[in-house]
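Novice: Sequence:
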Amino acid sequence: MAARAAELHAKALEADALAARYRAERDGIIDRLREAEPKRWSYTALAQALGCSRELIAQIVRRRR
Numbered sequence: 001m002a003a004r005a006a007e008l009h010a011k012a013l014e015a016d017a018l019a020a021r022y023r024a025e026r027d028g029i030i031d032r033l034r035e036a037e038p039k040r041w042s043y044t045a046l047a048q049a050l051g052c053s054r055e056l057i058a059q060i061v062r063r064r065r
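FYI, my numbering numbers position 61 of the sequence shown as 61, with every residue one higher than the one before it.
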């Protein structure tokens, strides 16, 4: 059982690292879209395009300033 727990722990660490890379790429794309066309890519437009909340977009943008 301990070996299985260790295996699951390793997989969870890998998943966390992969998720962090995906978030970093997503955040970079958001930055580039807003820089290229700030009027088109409002928080609301980005939230609709990504399928998330405006609040998440605002948090991402503020965190990267």
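Treat each hint with caution, since some may be false.
So the derived label-pair ranges between C-beta atoms look like this [to be verified]: (1) Leu50 x Glu14: 42 to 52 Å; (2) Ala3 x Ile29: 17 to 27 Å; (3) Ala12 x Glu37: 36 to 46 Å; (4) Asp31 x Leu8: 28 to 38 Å.
Keep in mind that the hints were calculated from the coordinates and are not lab data. These figures come from a predicted structure and were not determined experimentally. All C-beta atoms in this analysis are idealised placements derived from N, C-alpha and C, irrespective of residue type, glycine included.
Novice: What hints, given by number in increasing order, does this structure fail?
Specialist: 1 and 2
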